[in-house]
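A.B. asks: Dock chain B against the given chain A, drawing on the hints supplied.
2 protein chains.
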Amino acid sequence: MSSATRFLEINEPLLMKKGGHLASYTLAYETWGELNSESSNAVLILSGLSPSAHAASNAEDPTPGWWEGMIGPGAPIDTDRFHVIALNSLGSCKGSTGPASKNPATGKPYRLDFPALCVEDIATSAHQLVRGLGIEQLCTLVGPSMGGMSSLSYLQQFPEGARHHLSISGSPNAAAFSIAIRSLQRELIVSDPTWNNGNYDDKNWPVKGMRMARKLGMLSYRSWQEWRTRFGRREQDYFPTELFGMNYEVESYLEAAARRFVRSFDPCSYLYLSRAMDWFDVADGYADLKAALAGIQLKSACVLGVETDILFPAYQQKEIADALLANGIETSFANLESLMGHDAFLVDYDHFNPHITAYFNSVWYEDSL
Amino acid sequence: MSSATRFLEINEPLLMKKGGHLASYTLAYETWGELNSESSNAVLILSGLSPSAHAASNAEDPTPGWWEGMIGPGAPIDTDRFHVIALNSLGSCKGSTGPASKNPATGKPYRLDFPALCVEDIATSAHQLVRGLGIEQLCTLVGPSMGGMSSLSYLQQFPEGARHHLSISGSPNAAAFSIAIRSLQRELIVSDPTWNNGNYDDKNWPVKGMRMARKLGMLSYRSWQEWRTRFGRREQDYFPTELFGMNYEVESYLEAAARRFVRSFDPCSYLYLSRAMDWFDVADGYADLKAALAGIQLKSACVLGVETDILFPAYQQKEIADALLANGIETSFANLESLMGHDAFLVDYDHFNPHITAYFNSVWYEDSL
Numbered sequence: 004m005s006s007a008t009r010f011l012e013i014n015e016p017l018l019m020k021k022g023g024h025l026a027s028y029t030l031a032y033e034t035w036g037e038l039n040s041e042s043s044n045a046v047l048i049l050s051g052l053s054p055s056a057h058a059a060s061n062a063e064d065p066t067p068g069w070w071e072g073m074i075g076p077g078a079p080i081d082t083d084r085f086h087v088i089a090l091n092s093l094g095s096c097k098g099s100t101g102p103a104s105k106n107p108a109t110g111k112p113y114r115l116d117f118p119a120l121c122v123e124d125i126a127t128s129a130h131q132l133v134r135g136l137g138i139e140q141l142c143t144l145v146g147p148s149m150g151g152m153s154s155l156s157y158l159q160q161f162p163e164g165a166r167h168h169l170s171i172s173g174s175p176n177a178a179a180f181s182i183a184i185r186s187l188q189r190e191l192i193v194s195d196p197t198w199n200n201g202n203y204d205d206k207n208w209p210v211k212g213m214r215m216a217r218k219l220g221m222l223s224y225r226s227w228q229e230w231r232t233r234f235g236r237r238e239q240d241y242f243p244t245e246l247f248g249m250n251y252e253v254e255s256y257l258e259a260a261a262r263r264f265v266r267s268f269d270p271c272s273y274l275y276l277s278r279a280m281d282w283f284d285v286a287d288g289y290a291d292l293k294a295a296l297a298g299i300q301l302k303s304a305c306v307l308g309v310e311t312d313i314l315f316p317a318y319q320q321k322e323i324a325d326a327l328l329a330n331g332i333e334t335s336f337a338n339l340e341s342l343m344g345h346d347a348f349l350v351d352y353d354h355f356n357p358h359i360t361a362y363f364n365s366v367w368y369e370d371s372l
Numbered sequence: 004m005s006s007a008t009r010f011l012e013i014n015e016p017l018l019m020k021k022g023g024h025l026a027s028y029t030l031a032y033e034t035w036g037e038l039n040s041e042s043s044n045a046v047l048i049l050s051g052l053s054p055s056a057h058a059a060s061n062a063e064d065p066t067p068g069w070w071e072g073m074i075g076p077g078a079p080i081d082t083d084r085f086h087v088i089a090l091n092s093l094g095s096c097k098g099s100t101g102p103a104s105k106n107p108a109t110g111k112p113y114r115l116d117f118p119a120l121c122v123e124d125i126a127t128s129a130h131q132l133v134r135g136l137g138i139e140q141l142c143t144l145v146g147p148s149m150g151g152m153s154s155l156s157y158l159q160q161f162p163e164g165a166r167h168h169l170s171i172s173g174s175p176n177a178a179a180f181s182i183a184i185r186s187l188q189r190e191l192i193v194s195d196p197t198w199n200n201g202n203y204d205d206k207n208w209p210v211k212g213m214r215m216a217r218k219l220g221m222l223s224y225r226s227w228q229e230w231r232t233r234f235g236r237r238e239q240d241y242f243p244t245e246l247f248g249m250n251y252e253v254e255s256y257l258e259a260a261a262r263r264f265v266r267s268f269d270p271c272s273y274l275y276l277s278r279a280m281d282w283f284d285v286a287d288g289y290a291d292l293k294a295a296l297a298g299i300q301l302k303s304a305c306v307l308g309v310e311t312d313i314l315f316p317a318y319q320q321k322e323i324a325d326a327l328l329a330n331g332i333e334t335s336f337a338n339l340e341s342l343m344g345h346d347a348f349l350v351d352y353d354h355f356n357p358h359i360t361a362y363f364n365s366v367w368y369e370d371s372l
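Chains A and B, in that order, give the protein sequences.
Residues 4 to 372 (my numbering) make up the first sequence, in order.
Residues 4 to 372 (my numbering) make up the second sequence, in order.
The shape of chain A in the complex, shown without the other chains (with noise of 0.2 Å):
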């Protein structure tokens, strides 16, 4: 955990969607920026499934985080115009709490006695954060990746939430492609002997099925494009003996990426984030997308997509671009040419950076009208 990291205690039971509860809880989170008087210029970032909420260095943490280059004096998100705060999402296991974190009920882990958890649930605890940090309404709420579905619901739930919305790679829900890949990283994890029906502990652990379903995930976030030109057919220096042993650049690339995420995320929340995933649909019990976001009062929006995104494709931030738009929202819509597939708003800075620049100077702009 970053010691910039701090904590906020509810102590109000959260109803879940699918119908648990919790009776208490914490929210991990982290802040850049100052709030200003009139507590208007706070914009929190709702993140994909496996960040924490160290998104940028801070005074407490210097170390880098994980959208390092997007937040900062004079970044893309200028922390000298707002109060940004990231948010560890109810599920992970980052200092939020989760299946990882002790049931008060048992004094153990929660793990599969955690209550079925949804990105709706992600949503109204995340507006528990906002209200415990006595903002009335949000300058402008981002979401990328799973932090896009979130960032839906949030507006659905609390239609005046915020004035300014930035999507990036999210979904109004998860397509078929989407849950096949997610399916098979859970049965990664829960065939791996050690899963023990998620009575796993420090020793035995499901090492061997979190790398290989970290690796999917690597598959599904990245794209063979960018792998072409990245990594090609280049062999390592070194030729493990054995038949099927791994002698290409990709293969290591693969590994040790597995290898950093193993032991640093909990497999119970990945579990339960993956398949809060796959449950979301923002326009369930609507007509349409159209009628499920009716009544959001948001003053503009911002919908980037990446051309190579194999896991929430373009077409999905399409259609909430276009579902924003007949609801009378001024939104601007982008389908980056980026070859860095989903995960392009983490490393391909040159293709982000100037949409997100430009979104936040007109935020700026149209907020001091």
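Since the hints were made in silico from the structure, they are not lab data.
Misleading hints may appear alongside valid ones.
In the DSBU-like style, the derived pairs of lysine-lysine whose C-alpha atoms are separated by at most 35 Å in a straight line are [unchecked claim]:
| # | chain 1 | residue 1 | chain 2 | residue 2 |
| --- | --- | --- | --- | --- |
| 1 | B | K111 | A | K21 |
| 2 | B | K21 | B | K293 |
| 3 | B | K293 | A | K321 |
| 4 | B | K321 | B | K302 |
| 5 | B | K293 | B | K321 |
| 6 | A | K111 | A | K20 |
| 7 | A | K321 | A | K302 |
| 8 | B | K105 | A | K211 |
| 9 | B | K20 | A | K211 |
| 10 | A | K211 | B | K21 |
| 11 | A | K105 | B | K211 |
| 12 | B | K211 | B | K111 |
| 13 | A | K20 | B | K321 |
| 14 | A | K20 | A | K302 |
| 15 | A | K21 | A | K302 |
| 16 | A | K20 | A | K293 |
| 17 | B | K206 | A | K111 |
| 18 | B | K302 | B | K211 |
| 19 | A | K211 | A | K302 |
| 20 | A | K206 | B | K20 |
| 21 | B | K105 | B | K293 |
| 22 | B | K111 | A | K211 |
| 23 | A | K211 | A | K20 |
| 24 | B | K111 | B | K20 |
| 25 | A | K211 | B | K211 |
| 26 | A | K206 | A | K302 |
| 27 | B | K293 | B | K211 |
| 28 | A | K211 | A | K111 |
| 29 | B | K321 | B | K21 |
| 30 | A | K206 | B | K206 |
| 31 | B | K206 | A | K211 |
| 32 | A | K211 | A | K21 |
C.D. replies: For chain B alone, coordinates are given in the frame of chain A:
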């Protein structure tokens, strides 16, 4: 095994590219249509990773084959005109010698004692079949998927081996993304506790590993575009009680497809063929692809790819077509707008038939001049 399958025993050693050898081996194949008196109308089909030699129904076995709609009287590959031969690849487990075959030296299955297998070895053995059938030169060599790789090697090794060539969703070499997918599939198989370093038996068989590897295969064979319309977010009629059960249609489709595959394909064969594809680069040792294919004496070639293929992306077929053209071979290329990804040639007859019909008409016409 189909009752229509024939076997050619080859009792001279196959010296393999990576140094091992097979003292003798068997090739399983099927045929349709008559070989003409000049033995000039033979069409050889080299297959992808998993198909048997039963590409289509015939008198001996009326059950549909894996390319049923493509081969037959009046079909795109018209058996009233052509003598069609389909070969089960060396290294497979559908009648041709592979890791599951009995090692004559030990009387037990080869398993990991099978020599390292390359696509080039598959091509060399295919040429032995053609020779064994008394055919001097093929009319047309057809290679879909891995068969596209084997075909290029065949033509490189035997530059006058065919007058015409149809390459479908093939590749001059394995792409980084494809290596990554196959590497993870292999890892899934060898991580199954019953894998036991290749010493599985019918009772202890890597069912889970193979099932999950096949699901990952399906993800790479199809596309999000197809599944968007085919499955969407439709749920099953049943709702499993487990928290992480499979209640979306796409999940049960994958489960059913994987179960059909498991136990019908040998895990060692899978590993050997999978790695053979990774290793393949027809330009290995040459200045470039044009140089690698120089000398090939084709009268014509047709190269087809599919826009949504992420495993053998269409740029790879374009590279093949460009290199053949650069060598003065009359070559047509089409990037089909099918939604069905790499597997489109197996299922999307609407997109493929017109091209394949037209190509074989031109082959027939050119050869009759």
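A.B. asks: Determine for every hint whether it applies to the structure shown.
C.D. replies: To see whether the hints hold, each was checked on the structure:
1. Between B:K111 and A:K21, the direct Cα distance comes to roughly 55 Å. Violation of the 35 Å bound is thereby established for this hinted pair.
2. At roughly 24 Å between alpha-carbon atoms, B:K21 and B:K293 fall within 35 Å of each other, so this suggested pair holds.
3. Restraint check: the Cα-Cα separation between B:K293 and A:K321 comes to about 41 Å, which exceeds 35 Å; the hinted pair is violated.
4. Distance restraint check for B:K321 and B:K302: the Cα-Cα separation of roughly 19 Å lies within the 35 Å cut-off, and the hinted pair is therefore satisfied.
5. Straight-line distance between C-alpha atoms of B:K293 and B:K321 comes to about 12 Å, which keeps the hinted pair within the 35 Å bound.
6. Taken as a hint, the A:K111 and A:K20 pair is honoured in the structure, with Cα atoms around 24 Å apart against an allowance of 35 Å.
7. Restraint check for A:K321 and A:K302: satisfied, since their Cα atoms lie roughly 18 Å apart, inside the 35 Å limit.
8. Note on B:K105 and A:K211: the hinted pairing holds, with a Cα-Cα distance of about 32 Å set against a maximum of 35 Å.
9. A C-alpha spacing of about 33 Å is found between B:K20 and A:K211, which places the hinted pair at or below 35 Å, so the restraint holds.
10. Among the hinted pairs, A:K211 with B:K21 is consistent with the structure: their alpha-carbon atoms are about 31 Å apart, no more than 35 Å.
11. A C-alpha spacing of about 32 Å is found between A:K105 and B:K211, which places the hinted pair at or below 35 Å, so the restraint holds.
12. Among the hinted pairs, B:K211 with B:K111 is consistent with the structure: their alpha-carbon atoms are about 24 Å apart, no more than 35 Å.
13. Under the criterion of a C-alpha separation no larger than 35 Å, the hint pairing A:K20 with B:K321 is inconsistent with the structure, at around 50 Å.
14. This hinted pair checks out: A:K20 and A:K302 have alpha carbons roughly 28 Å apart, not beyond 35 Å.
15. Distance check on the hinted pair: A:K21 and A:K302 sit about 32 Å apart at the alpha-carbon level, within 35 Å; holds.
16. At roughly 22 Å between alpha-carbon atoms, A:K20 and A:K293 fall within 35 Å of each other, so this suggested pair holds.
17. Using a Cα cut-off of 35 Å, the hinted pair B:K206 and A:K111 is violated, with the two alpha carbons roughly 38 Å apart.
18. For the given pair, B:K302 sits about 47 Å from B:K211 by alpha-carbon distance, which is inconsistent with the 35 Å threshold.
19. Simply put, A:K211 and A:K302 have alpha-carbon atoms about 47 Å apart, too far for the 35 Å limit, and the pair is violated.
20. Only pairs whose Cα atoms come within 35 Å are accepted, and A:K206 paired with B:K20 is rejected, the gap being roughly 44 Å.
21. Distance restraint check for B:K105 and B:K293: the Cα-Cα separation of roughly 40 Å exceeds the 35 Å cut-off, and the hinted pair is therefore not satisfied.
22. For the given pair, B:K111 sits about 31 Å from A:K211 by alpha-carbon distance, which is consistent with the 35 Å threshold.
23. With a C-alpha separation of about 32 Å, the suggested pairing of A:K211 with A:K20 holds against the 35 Å cut-off.
24. Restraint check: the Cα-Cα separation between B:K111 and B:K20 comes to about 24 Å, which is no more than 35 Å; the hinted pair holds.
25. Only pairs whose Cα atoms come within 35 Å are accepted, and A:K211 paired with B:K211 is accepted, the gap being roughly 14 Å.
26. Of the supplied pair hints, the one linking A:K206 and A:K302 is violated, its CA atoms being roughly 52 Å apart against a limit of 35 Å.
27. Straight-line distance between C-alpha atoms of B:K293 and B:K211 comes to about 43 Å, which puts the hinted pair past the 35 Å bound.
28. At most 35 Å may separate the alpha-carbon atoms for a hinted pair to count; A:K211 and A:K111 meet this at roughly 24 Å.
29. Taken as a hint, the B:K321 and B:K21 pair is honoured in the structure, with Cα atoms around 29 Å apart against an allowance of 35 Å.
30. Note on A:K206 and B:K206: the hinted pairing holds, with a Cα-Cα distance of about 30 Å set against a maximum of 35 Å.
31. For a cut-off of 35 Å, the pair hint linking B:K206 to A:K211 stands: about 23 Å separates their Cα positions.
32. Between A:K211 and A:K21 the alpha-carbon distance is near 31 Å, which keeps this suggested pair within the 35 Å criterion.
When each numbered hint is compared with the structure, violations occur for hints 1, 3, 13, 17, 18, 19, 20, 21, 26 and 27.
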